[in-house]
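**Q** The lines below spell out each chain.
Number of protein chains: 2
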Amino acid sequence: MDEVKIIEIKQSIFADNDREADRLRAGLKEERTFLLNLMSSPGSGKTTTLKRTVAALKDELRIGVMEADIDSAVDAQAMAQTGVRAIQLHTGGMCHLDAGMTEQGLKELGTADLDLAILENVGNLVCPAEFDTGAVKNAMILSVPEGHDKPLKYPLIFTVCDALIINKIDVLPYFDFDMDKVVEYAHMRNPNLKIFPICAKTGEGMKPWIDWLREQVNTWNAGE
Amino acid sequence: MDEVKIIEIKQSIFADNDREADRLRAGLKEERTFLLNLMSSPGSGKTTTLKRTVAALKDELRIGVMEADIDSAVDAQAMAQTGVRAIQLHTGGMCHLDAGMTEQGLKELGTADLDLAILENVGNLVCPAEFDTGAVKNAMILSVPEGHDKPLKYPLIFTVCDALIINKIDVLPYFDFDMDKVVEYAHMRNPNLKIFPICAKTGEGMKPWIDWLREQVNTWNAGE
Numbered sequence: 051m052d053e054v055k056i057i058e059i060k061q062s063i064f065a066d067n068d069r070e071a072d073r074l075r076a077g078l079k080e081e082r083t084f085l086l087n088l089m090s091s092p093g094s095g096k097t098t099t100l101k102r103t104v105a106a107l108k109d110e111l112r113i114g115v116m117e118a119d120i121d122s123a124v125d126a127q128a129m130a131q132t133g134v135r136a137i138q139l140h141t142g143g144m145c146h147l148d149a150g151m152t153e154q155g156l157k158e159l160g161t162a163d164l165d166l167a168i169l170e171n172v173g174n175l176v177c178p179a180e181f182d183t184g185a186v187k188n189a190m191i192l193s194v195p196e197g198h199d200k201p202l203k204y205p206l207i208f209t210v211c212d213a214l215i216i217n218k219i220d221v222l223p224y225f226d227f228d229m230d231k232v233v234e235y236a237h238m239r240n241p242n243l244k245i246f247p248i249c250a251k252t253g254e255g256m257k258p259w260i261d262w263l264r265e266q267v268n269t270w271n272a273g274e
Numbered sequence: 051m052d053e054v055k056i057i058e059i060k061q062s063i064f065a066d067n068d069r070e071a072d073r074l075r076a077g078l079k080e081e082r083t084f085l086l087n088l089m090s091s092p093g094s095g096k097t098t099t100l101k102r103t104v105a106a107l108k109d110e111l112r113i114g115v116m117e118a119d120i121d122s123a124v125d126a127q128a129m130a131q132t133g134v135r136a137i138q139l140h141t142g143g144m145c146h147l148d149a150g151m152t153e154q155g156l157k158e159l160g161t162a163d164l165d166l167a168i169l170e171n172v173g174n175l176v177c178p179a180e181f182d183t184g185a186v187k188n189a190m191i192l193s194v195p196e197g198h199d200k201p202l203k204y205p206l207i208f209t210v211c212d213a214l215i216i217n218k219i220d221v222l223p224y225f226d227f228d229m230d231k232v233v234e235y236a237h238m239r240n241p242n243l244k245i246f247p248i249c250a251k252t253g254e255g256m257k258p259w260i261d262w263l264r265e266q267v268n269t270w271n272a273g274e
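Just so you know, the sequences run in chain order A and B. Numbers given in our numbering equal positions in the first sequence, counted from 1, plus 50. Numbers given in our numbering equal positions in the second sequence, counted from 1, plus 50.
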């Protein structure tokens, strides 16, 4: 299980992250590669969701995945089993990725032959929301056990995301989770947020999310 | 519901956090107040666990609670209903508390007449682990839905904690959570970590945790 490439990324040297992120995005546009930044709390199901997403799209899109973690390579190993290119980024204790750090990862991953690159950010609802990684779109996962009040407590991440995946809907009967309320609170933060309730474990509800992502990728890569 | 005191804490001015934390702890020792720093991911059940903890101990200990959050006052409101003194700390986007920020909170809470002050840290497994808040003991909650691999992915927080509460054991049948593995992984990080499996919602398993905390408080406040 040691065959996964592990990259030790360094803290960014760029003072102006937003400018760096814009530059990175422009390069991706030219190269016709879409970058998705996926964020969430620890344990909300990012890797399982990505495995299903990759399985659904890998025959029509060339996909590469960067798994960011403070330590361990378990996620990149899981992802490599899906047959797509996957590397592990070690952040050396850093709680988020910025554009410079993302660029280091993209260089190691190699994006020239990819339609879709996915960054699985560090599990954290706070810091990753503060840094533009250069991604074309941001998505986040909130899982049912975390509770429907999270948009009240972690406002920024709901504001900066384009898509909100609500995972683990299979356990809705066992938790006091109010789907109407989470939609209301999330749209208070961001009226344009697309919301996709899913169960990554069983695959329930995946299609609308996959369709949305495919459309984003194809639109971007068509140069529109 | 607006009667809860909300404190906007400022970023710490202290360059040397460890020294500041030691100074804060020495002051608490002199005052015979025990400070517990409780950390976890978002949605792992910190507030529910604290409500039960406070209910079990409030007749024998004088308790005050600081609820740190980026935004909202829902936790302090919930805590105030238990009848103990509770204030809300707004971190203004900061992803953790350091000793200087904790001290600002303690001053507003008022500790002279307290046996036990509890800091509910920002929901985040990464950054809070890096900063000594001045607490006498650190505890963390990992909830069953987050998965048993978390000590592999977020090593530092398991290293710096004295107690690990494993919450939401009522939903063990619905998740692939291996209790033996999480104990093994957590003890790899920290052989001295005390582990308490509980269900804060029902109260199951709370007694060993309450007994441990009571003993810590009484030992500290006895000046031993």
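Think of the hints as simulated: they come from the structure by calculation, not from any bench. There could be a bad hint or two in this list.
Copies of the same chain look alike in the list, so a pair counts if it works inside one copy or between any two.
[Said to hold, decoys possible] In silico lysine-lysine, DSS-like type, Cα no more than 30 Å apart, as pairs: (1) K231 - K101; (2) K244 - K55; (3) K231 - K79; (4) K231 - K55; (5) K187 - K251; (6) K251 - K79; (7) K187 - K157; (8) K231 - K157; (9) K231 - K108; (10) K251 - K231.
**Q** Hint numbers the structure violates, sorted upward?
**A** 2, 3, 6, 8, 9
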